[in-house]
Amino acid sequence: MSDELYDDHILDHFESPYHKGHLDCPTCSHSDKNPICGDQVTIELSIDENQRVRQAFFDGKGCAISQAAASILCESIEGKTLAELQEFQAKDMLDLLKVRLTASRQKCGLLGFKVLKTMLYSLEQPKAVEETA
Amino acid sequence: MATSGDLPFDVESVRRDFPILDQRLLNDKPLVYLDTAATSQKPRIVIDKLVECCEKYNSNVHRGIHQLGDRMTTELENAREIVQRFIGAKDVDEIVFTSGTTMSLNIVAHGWGRKFLKPGDEILVNPMEHHANLVPWQLAAKATGAVLKYIPLTNDGRLDLSHLDELLTTRTKLVAVTAMSNVLGTINPIGELAQRAHAVGALICVDGAQSVPHSSTNVRALNIDFLAFSGHKLYGPTGIGVLWARKELLESMDPFLAGGHMIREVFEQSSTWADPPAKFEAGTCPFIEAVALGAAIEYVTKLGIDRIAKYEHQLSVYAHQRLNEVPGVRILGPSVEHKGAILSLVIDGLHAHDLSDLLDREGVAIRAGHHCTMPLHELLGLTSSARASLAFYNTRSEIDKLIEAIDSAKKVFQRRSGSRPGATR
Ligand SMILES: Cc1ncc(COP(=O)(O)O)c(C=O)c1O
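Each protein sequence line maps, in turn, to chains C and U.
Here the numbering used here is used: the first residue of the first sequence is 1, the next is one more, and so on.
Here the numbering used here is used: the first residue of the second sequence is 1, the next is one more, and so on.
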């Protein structure tokens with residue numbers, strides 16, 4: 001863990017983000033805002049027939065932490081299965097950032113993560129209905 | 001003979017009155033507190049007063065017939081008189097202790113708004129209002145069928161009064177306006193607005209959260225109808241604030257919160273109300289905080305509110321000068337002569353959160369966000385801004401530290417721009 005918040009890892013992702021933009025035909029997409037500061041992140045996934053993330057894209061605007069974190073998130077979830085993503089916890093996301101965030105900045109660092117989790121949750125819903133039907 | 005008004009303002013001696021200012025943060029950086037608009041620091045005399053109440057005579061007010069209760073009640077009513085004198089109210093019963101500006105404005109929006117507004121009535125607001133002087137009016141409008149109308153802003157962030165005659169008509173029942181914007185710093189012409197509101201039979205409700213602590217306020221000279229402010233921005237404790245309204249208004253309004261102390265008689269099916277201010281002070285009021293607010297106002301009065309305003313303005317002029325020299329920095333709001341000592345900034349390529357985080361590492365505390373003014377930020381095309389707000393305990397050298405910290409924050413982001421060969425993402 002680095003104490004230097006704006007280290008190369010964060011700034012690299014902020015300035016040259018991974019997969020910033022949009023997918024042509026995303027399997028799913030979700031956006032959210034941090035109501036305190038207005039930071040915004042959208043995440044789009046394309047998921048293959050094996051329930052594996054083929055590609056992850058994000059778009060958004062906001063502080064370096066929220067945007068770099070979304071970039072880092074997209075980079076690290078490609079190739080993962082949805083089941084693996086269910087296991088992916090906030091702590092894992094913060095670890096990926098490799099910097100120590102104060103409580104107030106964790107909201108920034110976890111914005112993309114929150115978007116992803118909400119999206120996964122809504123993906124599960126129809127399936128749950130099918131199973132009980 | 002020299003009165004205190006003639007002496008130069010001795011900021012170093014004033015700073016010694018505020019224990020919190022004398023501290024070092026992480027990495028031994030001295031605290032540079034530039035967030036007084038969010039909440040002010042407390043002088044020793046206020047802290048001592050809180051402790052004195054707790055240690056010597058804490059006891060519920062207006063209740064027990066015993067020595068402690070008598071003392072506490074006397075202290076509370078003395079604080080009420082201090083507030084009365086401070087804002088030039090005619091009658092001490094016009095001073096309602098509340099939990100803060102937000103509560104004060106909600107009391108007006110419910111107690112007056114919901115009782116007297118009718119379908120088609122208009123409430124005149126404007127985009128620079130804090131949510132506390134906007135959302136209660138939205139709810140009151142929704143409940144009564146009244147509508148909100150907006151006074152537009154000029155490009156430099158002042159109220160555009162050029163078409164006020166079209167907006168302020170006999171349909172207008174209330175003008176809700178801040179005396180000082182908590183983002184732009186704009187000082188609004190309250191006396192003029194009061195006069196124009198009254199000319200069409202409307203009332204004026206003034207949010208004094210930012211203005212009361214930093215300039216002298218006289219409700220009778222301004223000829224206003226309602227004034228709300230908070231203790232914690234006035235060098236006093238949290239949990240206490242004031243609603244002032246003309247007595248006949250307080251008498252005609254409905255109570256907002258109901259419970260103990262606000263009643264005259266309670267029957268099985270109905271009740272009658274106590275006289276103001278008790279009518280609006282249901283339950284146990286924050287009496288210790290109220291007494292400490294009295295101590296805070298006495299402190300400010302002793303320093304001289306006009307001297308405070310003058311010193312803060314000089315400091316603000318200096319801060320504007322220095323910040324205007326920093327490339328890429330834009331200061332929101334009008335030019336410094338139309339503002340209180342608030343500097344909201346937008347810096348090219350540097351988000352307000354990143355800026356405040358980097359400044360914090362240098363011990364410089366500012367605020368980042370929309371500062372509870374989302375319509376204003378929307379109008380400015382921003383999602384957030386960074387705000388430095390000054391008080392009489394701040395110094396020129398602290399402004400210099402702010403500038404240095406902004407310079408180095410900019411470098412963190414600039415150092416790299418365009419200089420990364422091989423970036424292939
Ligand atoms: C202009 C203005 N109005 C209202 C408020 C709300 O004050 P409080 O949160 O103390 O009720 C504030 C403080 O944030 C303010 O700056």
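Rather than coming from a laboratory, the hints here were simulated on the basis of the structure.
Fair warning: there could be bad hints in the mix.
Keeping only pairs whose Cα atoms sit at most 27 angstroms apart, straight-line, the calculated DSS-like set for lysine-lysine is [as the list claims (entries may be wrong)]: (1) C:Lys98 to C:Lys20; (2) U:Lys410 to C:Lys61; (3) C:Lys20 to U:Lys411; (4) C:Lys20 to U:Lys410; (5) C:Lys61 to C:Lys98.
Simulated DEER-style distance windows between Cβ atoms [to be verified]: (6) C:Lys98 to U:Thr238: 49 to 55 angstroms; (7) U:Ile403 to C:Lys98: 28 to 34 angstroms; (8) U:Met374 to C:Cys28: 27 to 33 angstroms; (9) U:Asn58 to C:Leu120: 49 to 55 angstroms; (10) C:Ser122 to U:Asp22: 48 to 54 angstroms.
To give a feel for the contact side, a few chain C residues facing chain U, derived at Cβ under 7 angstroms [stated by the list, open to error]: (11) Cys28; (12) Ile36; (13) Ala64.
Computed from a predicted model, the values in this text were never measured in an experiment.
Every residue gets a Cβ at the ideal spot worked out from N, C-alpha and C, and that includes glycine.
Here's how the hints hold up against the structure:
| no. | hint | verdict |
| --- | --- | --- |
| 1 | C:Lys98 to C:Lys20 | holds, 21 angstroms |
| 2 | U:Lys410 to C:Lys61 | holds, 19 angstroms |
| 3 | C:Lys20 to U:Lys411 | holds, 24 angstroms |
| 4 | C:Lys20 to U:Lys410 | holds, 24 angstroms |
| 5 | C:Lys61 to C:Lys98 | holds, 21 angstroms |
| 6 | C:Lys98 to U:Thr238: 49 to 55 angstroms | violated, 37 angstroms |
| 7 | U:Ile403 to C:Lys98: 28 to 34 angstroms | holds, 31 angstroms |
| 8 | U:Met374 to C:Cys28: 27 to 33 angstroms | holds, 29 angstroms |
| 9 | U:Asn58 to C:Leu120: 49 to 55 angstroms | holds, 53 angstroms |
| 10 | C:Ser122 to U:Asp22: 48 to 54 angstroms | holds, 52 angstroms |
| 11 | Cys28 | violated, 23 angstroms |
| 12 | Ile36 | holds, 6 angstroms |
| 13 | Ala64 | holds, 5 angstroms |
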